[in-house]
Every structure is written in structure tokens, then in C-alpha cells.
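Trainee: Since each chain comes alone in its own frame, lean on the hints to assemble the complex.
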Amino acid sequence: MTAVFNRELKAYFTSPTGYIFLGVYLLFSGIFFVAINLQNTITEMAYYFSNLTVILVFIVPLLTMRLFTEERRNKTDQLLLTAPITVTKIVLGKYFSAICLFGITLIITLVYPLMMLLYGNLMIFPIIAHYLGFYLLGCSLIAVGVFVSCTTESQITAAIITFVILLFIQLSGMVASLFNNAIVKKVIDWLSVMNRYSEFTTGILSVSSIIFFISFAAVFIFLTIQTIEKRRWS
Amino acid sequence: MIEILNLTKRFGNKVAVDDVSFKVEKGEIVGFLGPNGAGKTTTMNIITGYISSTSGVCQVDGLDVLKNPEQVKSKIGYLPENPPLYLDMTVYDYLVFVYKLKNIKNDVQKHIKEVMETVKITAVAHRIIKNLSKGYKQRVGLAQTLLGDPEILILDEPTAGLDPKQINEIRNVIKSLGKERTVILSSHILPEVSAICERVVIINNGKIVAEDTPENLSKSMTGASSFKVRIEGDEQKVLDVLHTFDEIQNINSVKKDENAFDYYIETADDADIRREMFYLLAQNQMPILELGAQSLSLEDVFLKLTTVEQPIPAASNEVKEDISENTAQEADNNDGSI
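Going line by line, the protein sequences match chains L and Z.
First residue of the first sequence? That's 0 in numbering that gives the first Met the number 0, and the numbers climb one at a time after it.
First residue of the second sequence? That's 0 in numbering that gives the first Met the number 0, and the numbers climb one at a time after it.
Read the hints as simulated data drawn from the structure, not as lab findings.
Remember, it's a predicted structure, so these values are computed and weren't measured experimentally.
This list has only true hints and no planted wrong ones.
Straight-line alpha carbon distances no greater than 20 Å define the calculated SDA-like cross-link-like pairs of lysine to any residue that follow:
hint	chain 1	residue 1	chain 2	residue 2
1	Z	Lys206	Z	Asp17
2	L	Lys74	Z	Gly134
3	L	Lys229	Z	Thr53
4	Z	Lys66	L	Glu228
5	L	Lys74	Z	Asp92
6	L	Lys9	Z	Asp92
7	Z	Lys99	L	Thr85
8	L	Lys184	L	Gln169
9	Z	Lys99	L	Ala10
10	L	Lys88	Z	Ile103
11	Z	Lys66	L	Val86
One chain only, chain Z, in its complex shape (with noise of 0.2 Å):
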């Protein structure tokens, strides 16, 4: 549907896309995350044909958008992060003048109808644009882009700005949306994109530095399993006991308390050793006060992911051997204790 070669973006001497390649299939909701700056808006702009690349192809459809901007653009509906509204056109009368600049063939008033009603603006038909609230402005965005049922849509930051209740009929809207079309949407908001996208491709400093599914990031880029675990007892007698387990690869002790401290553990991919050291520690008199599994969150990779001074290029590579040999951990489960 969707793909994106080699492609760079220089605005002067300021690379802002730098050597990006990636996919996005039919039918596929896509999340492109990043911080601010990242090189995401860029990367929009040059698919849907309003600024263009460097160097690098991008291609919708087999059709390259420079060579074809006009089939291009009429495949994609484009919501930027600011939505283009004229201030002072009504809502209706707004509509009608995208619908005619598209030049869609369908009947006007029902389409516009059936537009309004998916995104909830009927209500707000005939009142100037200005005097809507940001939450309406954002949804008059979004039906702009549904007119003409584009296969495609690009929504930049769609959510931004909006209060807590807005964001999530917002997401429904772009969830139910999805269901027949593709979605590339971008945002910094990490449990907004693993609330909705089927993949994520994060993206820093005009690199891509990671591409999966939400659960398989967050899995992945722990690495070997790791878990912290409370142990009341003398450290060094303790560490004796926990350095015969073969499978350890390395612990870090923090003293908590008088008696007690936490070992963060890290053990081989697939072992799990957390039965054996419970029965070896009690046997050795040391009491386990706490244990829990550590697992990175979306928000914990990301972080990792875009804080790391060189990214690893290959992440995505060995994310994709991973799921498979994965056991389910709880995502988003930081500190849970059993």
C-alpha cells in the first residue's frame, strides 16, 4: 500500500528524515512515534505529496508521489497537526468546498451527511467554524479527510490538545475508521498509539529506530528476562548463594533497609529460575519479601530507544526473532509483586 524507500529530507543543512524505509499494508493501522522533532510531520508531509524528499521514493499504491501527486493525493486523506480550517466558512459550507476541491463524484449532501454523522458533527453543521471548540475543530479535520473514503489516512497528532473524554471518541472514531481502511497515525503519546495501532514504528532524529507491535517492543528490548527481588539478610551471604545459579547473568544490589536488599537480577532469555531460588534461599534461612518481574513499558522503551546517544539500527531485526520465544509477560507490568 504504503512504501517508503531510503528517503531524506534536508531542510539547509539540517537533516530532518534521514535514510527512512518502511511498510505500511492494507488494512493496517500503523503508529509512527517519536519525541517532538523526530522527523514524523516530515515524513507525513512528504507522503502525502505537500513538501518533497530529498532523496528516497515514496510510493502509494505503486505510485510514486512526485511522479503522480494528483492519483497520489486523491487515494490519501491528510489531517495535519494543525487542522486546516477557514475560520470563517461554516461547517457545512467548509465541507462542500473540500468535497468539491477533492472533485468527488458521489452525491454531495449524502456524503457530507454520512461524513458528519461519523464523526459526530451534525449538530454543529451550519456554525462558523471559528466559534467551535478545539475538540469540534479537531473533528471537522477528520471529516475533511473522510470525504471522498479515501483508502488511505494520515492523521498527525490527532488527539493533541483535546481533554481526556474528547481523546478517546476520538480514538474510537479513528479505531471504527480502521476497520476498513489504512490509518498512519503519529503521536509522542505512547498509551495512546498501544491503545490503537496494530504497529508501531518509532522513529528519532529523523531515524527509525524500532518497528513492531506495541507488545512485542516492550518485550524485546528487555533483553535477557530480568526481575528484582527483596531478600532479608546479609548481602554477601546471599549474592554466594544466588551466584550458583548457572543462568544468572548479573545482579546489582541496593540496600533498603537494616537487614534487607533488593537484587535486580538478569537471567538468560528462557530460564526462570524463580522456583529454585525461592526453595534454595529458604533453605539457606533468607526470606523473600518481595519478588516481582520487570518488564519495560512502551513509555520504558521508547525512552531507551530515543535517549540512547547511538541507536541500534538492528533492534528491529532481533525484536522479530524474539516474539516467538517470548513467554507473555504483562507489558505494562513495571513492579508487580507476586
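With the rest of the complex left out, here is chain L (with noise of 0.2 Å):
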């Protein structure tokens, strides 16, 4: 799991994704930052994280639209395939890279807070909360990018479809207000990623709202690995 977990993030810097997905997160963290929290002069970080949702549906994306589609491309996924070695390391392996260079971004962010700290008066949970909640977010996201990515043999197609259900997601508050029927409304909002994400921005450090995450994203990586299965017994 660690030689494709290495592998992955090292090409994320041999080829132009990681640096725009970096480059282009820190660019409107940045702009959100100084719009927001110094122009203001405000510490709380709601409104900036709640901006950078938004950001996010762009970006994931260009994290995950390569992870597979290149693989089966340059026929690389026979390599792994015949590898002792099991589909669910190397799909693991894939994702914890993706979530790493994720978290390698949150953590470059964390400047603002500290200097936020420094100059100012910090309520220091509400901003772990903040972080960790939406680092959660980014997380199901991703797995979401990921299971996309192994449907399909083209970057581009992998990456319209999954920025296309994750603006859905995005969205899902607006579809579910949308419907007059109480037990679709229900199941939109109790689906909805970003009504568990604003639970965070709140402050509020909730388990069961940790846990619906990583069963979000357990869902969407269980589902890569049994797709990748099923192709090789079809």
C-alpha cells in the first residue's frame, strides 16, 4: 500500500495537477482570507470555509480524475493487478494519497489561524472544528472522485461526472427545499454532506457527524473496490 500511496503522490508533483489543485486552493483560501477575516478584522472562520465549499467542487476533481482513468490508459492497472499485493491496498493506497495532499493544503492554511492567534483574540476549538470538519468534507469528496475515476477510462469524462455530483451535493439543501413530499425532503437533508458539514461550522464537534463522513467516504471507496473486482470477473 505504501509503494502505490508514495507512487501517487509524487506524480501528483511530476505533472501539473497537484500544483493547480494546490496553487488554485491557496490562491482563493488567500483572497477569502484577506476579503473576510482581515478586512473585517473578524477571527471567525465560518464564512471562509463555508466560501471554500464551494472552491472545493472545482478542485476535487483535478485530485481525483487521474487516480485510475491513467491506469487502465497506459494498461498500468495490469501491473497492479497481478501484483501480490490486493485491490483493496492499491485503491486505499490511491485514496490516502489524495487525502494526504489535501491535508498537506489544510495544513499549509493554518498560517491564517496562527496569525489570527498572534494578533488576536482566537477561540481556538470552534477553528479545530472548523478544520477538521471540513478536512472531513474534503475527504468524502474525494472518495466520491475517486469511485468516479474508476468508472471510466478518460480524465475529462471522470472529471465532468464527478464535478457534476459533487455541485449536486453542493445543491442538495436547494433540491431538498425543492420538494413538497416530507420523506424525499428527509432523505435529501439526511444525505446531505453539507448539512453535516455546517453541524462543524457551528463549533460543534459531533461523533455522529464524524462517523456519517467516513461512512460516506467507506461507501464510495467500498464501491471503487468492488467495481474494480467486478471488471475482472466480467
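Mentor: Take a look at the structure:
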């Protein structure tokens, strides 16, 4: 698993995708931090993060579109699948590399709360909840992207489908409000990753939400593994 | 070493591999021969565990590929038709990656250095794979299969797309590798198989149509021994003379020029009537202008086996019985004159 993990993490930086992901994320997070926190001299980061969730919809596909599509196109999946290593380990290796890059990016943005801590009044625990919630949100969305990338051979197709799904997830609150049927509303609300995330933005570390995110990601990782296994059997 | 029993693989309605059974013993170099789309790659993919079979058993060292995938996979080095290379890595980094992927316990640097020397890629160790020539890419692919010293090498068309010099080099590498390992290699190029392999399995439309050494295959497929003779003189008179031989089973005559005909003569297996025929024709004032043995080259065998509409499943058995009885014939001497 570490072999796959290391290779993928390196590959992000031997191709432009890793740099674009980092660059775009840091650019927008910088803009939001300056515009929201510095300009208004507030230490509350809820607005900052809620704006960034929109950016995630655009840049998560960048992170995941290559993961399995390129393996199939270059036929390197033959190397992975004929090596003495299980599909689960391959998928996890790739998934962890993506969420690791996302984690690194988040760690870089820790300079913002650090600055506020030095020059202002910062409530540390809400910030921790924000970061943790946002990281878990990102990890869930990345799991969706990983799953999509194993279903197609084209990076562009993978990116577009991932983008559409993430957009739907982003808008799920709005979609739910369109329905009159209470049950449909409830189901969409319950499944809504964004709703879960908003719990974190109020500074609450809720165990059920953490478990929700982890299970959400686990379901998509499981589907990825099954899809790859099934392809070998058909 | 490798045992395949009643292996079948269907893709939807299409049967890619149809009830194939064969065995490969330890230390053998076996050639897997067949036209494009015959099921060679599919069979190899099943042995290496890349895809599953629809039915049938594939065992390596007594271990079922589907039940013990990891143990089996660690015994096999697989070079697919397109070498599975990460184009954005350097050769060395790539080999380190495969090394770790295969979870090998030897000393990394020493082991990779040895492998690179075996396939002669030490000079390009730190170049990016994308920029290498096809021949070098193929060698990097071969190097990858050798990592961890697997007992079995499975090579899918290892020389496809290379220039003649590279082909020769890769062949020599494979031959030397085959001294200590079991090798299965597929090809649709016949001279290659006859140059490298001790045994050939010919597959067509997903079925095995023959299985033997290259020499025996070309010998046996002729069935009866046959030869061509060009004789001057009236066709009917010559035929009358020739028909005095009981051993002759069949004669076809073709007009060559004004007063000479080519006669394609088939005789019973062991009968060699060339001397008697020579004297008899001489007595009858019928000069022989040309006399040549006719034996099928591997190429003819291949075509004969793969173009026949109903392949003969019993071919492999007949072949074995014939080995001891046949007199030596030049396998590729199609039309040699005496």
C-alpha cells in the first residue's frame, strides 16, 4: 500500500495537477481570508470555510480524475492487479495519497489562524472543529471522485462526472427544499454532506457527523473496490 | 508447475478461451502460438490473475490462482503486450516502485542493479521512461518482470514492434532467462517460437489445436511423407510407370512446360521409393529433372492448423506417436532439390 501511496503522491508533483490543486486552493483561500477576516477584522472562520466549499467542487475533480483512468489507459493496471497485493490496498493507497495532498494543503493554510492567534483573540476549539469538519468534507468528496475515476478511461469524463455529482451535493440543500414530500426532503437532507458539514461550522464536534463522513467515504471506497473486482470477473 | 484444466472464458456471448487444458513443467520454455484474437492474451491474463476464468482451473505449483491470488502472483513475473510503464517516472524509480509493490525482501539497490544489468538498461537508469525508445521500454518492462526472481515468467509478445536487432537481443535475453526459469511466451511470429521454445502450443479460436516441439509439429503434419518430382515425358506413360509402386497413395500432376510435368507424390509413412523410382524411370527413358522432399515448415503447420474449419482435436496425440518413427527431415526445407 505504501508503494502505491508514495508513487501517487509523487505523481501529483510530476504532473501539473498537484500544483494546480495547491495553487487554486491557496489562491482562493488567500483571497477569502483577506477579504473576510482581515478586511473586517474578525477571527470567526465560518464564512471563510463556507466559501471554500464551493471551490472544493471545482478542484476535487482535479485531484481524483487521474487516479484510475490513467492506469487503465496506460495499461499499468495490469501491473498493479498482477502484483501480489489486494485491490483494497491499491485503492486505499490511491485514496490516502489524495487525502494526504488535501491535508498538506490544509496544513499550509494553518498560517491564517496562527496569524490571528498572534495578533487577535482567537477561539481555538471552533477553529479546530472547522478544520476537522472541512477536512472530513473534503475526504468524502474525494472518495466520490475516486469512485468515478475507476468507472471510466478518460480523465475528462471522470472530471466532468465528478464535478456534476459534487455540484449536486453542494446544492442538495436547495434541491431538498424544492420537494414538498416530507420523506424525500428528509432523505436528501439526511444524505446531505453539506448539512453535516454545517454542524462543524457552528463549532460543534459531533461524533455522529464524524462517523457519517467516514462512512460516506467508506461506501464510495467500497464501491470502487467492488467495481474493479467486478471488471475482472466479467 | 503450471496446470490448466478445462479453462473457459466468455466475454458476453463471445467465447475467448474454450475448454483449454495444458501443463507446463518446471524449467520449460513454452511458446504460445496463434493468430491475433486466438485467446493467447486472455489465457495469460487468467494465469496471472488479471482476469478470472468463467470456468475451469488454473493452478501454479498446486495453488489455485483464484483461491490464493497473492501467493500465485508472487511466483509470476508478467510482461503484458503493452509493457505497464509509468511514463512520467525514471527507470530506476519505476523499478523501485515495482520492487516495493511486489513486497520483495532482497537488498533493493543490489537487486535492481543486477536486474538492470541482465536486460542491459543500466545506461538509461536515470532517464524518464517517456523519452526511451520502444526497445528500451520493452526491456524496462522485462526488467520489471524479473524483480523478485519469480520462478515463472509470462511474456506476451515480448518482441512485438521491435527492430530485428532488438528482437535478436531480447530473444537472447529470454533464452538465458529460460535456463533457470519456467517461461511461457506468446507470439504470432513463427521463427521466433521455433528459435526460443522447446515446446509449442498452438491455439486458434480459443482452442488448442496442437502441442509439441517445433520439429515434430512440422514433421507430423505432413502425415504421409511426400515429395515433388519433375519428369520429362508423356504424362500418361509416366503415370503408368509410377503406378507400379504399391507404396504410392496419391499422385497429382501439374504441367510445367512442353514435355515435362511436376508430380506431387504421397507415399505411406516410412516408404522411401526415391531410389527405385529413379532406376525405374531411367530404364523407361524418362529423365528426372528435379526431385525435392516436401515437408511442412512451421509456418505451413500453423496455417494448416489455424485455417482448417474443423480443427482436429486428436492432432496432439497423433503427433506424439509419430516422433520416434519419422526419419529426420529438414523442418524448413520446403523445396530443396536433390
